[in-house]
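*Asks:* Here the protein sequences come in this chain order: H and U.
Heads up: the first sequence at position 40 corresponds to 40 in my numbering, and the numbers run straight through without jumps.
Heads up: the second sequence at position 66 corresponds to 66 in my numbering, and the numbers run straight through without jumps.
Everything labelled a hint here was simulated from the structure, so no lab data went into it.
Treat the hints with care, since some could be wrong.
Ranges of calculated distance between the beta carbons of each label pair, as one might list FRET restraints [what the hints assert, rightly or not]:
# : chain 1 : residue 1 : chain 2 : residue 2 : range
1 : H       : Phe77     : U       : Phe106    : 22 to 30 Å
2 : U       : Glu76     : H       : Asn4      : 25 to 33 Å
3 : H       : Phe40     : U       : Thr135    : 18 to 26 Å
4 : U       : Asp107    : H       : Asp74     : 39 to 47 Å
5 : U       : Arg38     : H       : Pro114    : 28 to 36 Å
6 : U       : Val21     : H       : Gln35     : 14 to 22 Å
7 : H       : Ala16     : U       : Ala103    : 34 to 42 Å
8 : H       : Gly116    : U       : Phe106    : 34 to 42 Å
9 : H       : Ala47     : U       : Gly28     : 43 to 51 Å
Just so it is clear, the structure is predicted and the values come from calculations on it, not from any experiment.
We put the CB at the ideal spot given by N, CA and C, even for glycine.
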Amino acid sequence: MSPNPEFAGRTHGPSAPYEVSRVKIAEFATAIGEQSPLCFDKTAAQAAGYPDVIAPPTFAIVVSAASSGGLVRDPDFGINYAMVVHGEQSFDHARPLHAGDVVTATTTVEQIRPIGKHTSVMFRTEISTTDGELVCTARNVLVERGE
Amino acid sequence: MLTPGSELEPRSFPVTRLDLVKYAGVSGDFNVIHWNERIARSVGLPNVIAHGMFSMAQAGRYVTDLAGGDPGAVTEFSVRFSSPVVVPDDDNGAVIEISGTVAEQFDDGRVAIDIVARQDGTKVLSRTRAVIRVT
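Just need the whole structure built from these sequences, with the hints factored in.
*Replies:* Next comes the structure, spelled out in structure tokens:
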């Protein structure tokens, strides 16, 4: 079984609102070893011109993966997650996410294509504030390994 | 100075099993291949492997430091995961070696950095580029 090609163009979302918190940013930064004060200290972040502490550039995966997961886990999509590897990832940031942002994510299946025995699925996730400001566009490619 | 064509100083980023446990918790990615050696080997991997996003985050630290320590200066960031980072169960873990080259400077002053990450000489991140704002 391989991913259902009829899922190309399918959209999931917008997700329930996700509130970016200082604690979560600090935990994420700590887990990846990022020590910038702009991730931990509101005063330092404000001195650098940000409204509050800011997230490292890959933090958006927390929001985008939860959104694309809504499609990946759909049984009708037929993705065998045990056989999936992360092929590519990109983020295009209009600005950094900061503590206090309340965002929703919408994911679209951009492309499904065979690569030999494998199948590549490209997702695009747009992360916007609940006021409609686009903050980040994330793309990820999952590759399901064929037998 | 980040002049197009210049090679940037390589840096080493260690990764241990504890790092993977922390990253699983904070990211919500609990795929067993990132913490369970028995299952990792059963699906044909040599050992537990790091989350690709953990390796990308280390490349993010590399470019954040180039941007004067401002993670918000990284405006575009893309990677290809070319090979997994294998993390043994010992006190040393693995080491991700990251190097970069200044690829381009844009009219708005932003700079594109091409990055390569390797483990023991094998490329783990390829076609990796970050666009950063420099002040």
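*Asks:* It remains to establish, for every hint, whether it holds in the given structure.
*Replies:* For each hint, the structure was consulted:
Under the hint 22 to 30 Å, the C-beta atoms of Phe77 (chain H) and Phe106 (chain U), about 38 Å apart, miss the expected range. With their beta carbons about 31 Å apart, Glu76 (chain U) and Asn4 (chain H) fall inside the hinted range of 25 to 33 Å. Range check, Phe40 (chain H) to Thr135 (chain U): Cβ separation about 20 Å, and the 18 to 26 Å hint holds. At roughly 43 Å, the beta-carbon separation of Asp107 (chain U) and Asp74 (chain H) lies within the given 39 to 47 Å, and the hint holds.
Separation of Arg38 (chain U) from Pro114 (chain H) is about 32 Å and conforms to the stated range, judged on CB atoms against 28 to 36 Å. The hinted window of 14 to 22 Å between Val21 (chain U) and Gln35 (chain H) holds, with their beta carbons roughly 20 Å apart. Checking the proposed 34 to 42 Å range against Ala16 (chain H) and Ala103 (chain U) shows it holds: the Cβ atoms sit about 39 Å from each other. Judged by the Cβ atoms, the range 34 to 42 Å given for Gly116 (chain H) and Phe106 (chain U) holds: they are separated by roughly 37 Å.
In this structure the hint that Ala47 (chain H) and Gly28 (chain U) lie 43 to 51 Å apart at CB is violated, the actual value being about 32 Å.
Of the hints listed earlier, those the structure fails to meet are numbers 1 and 9, in rising order.
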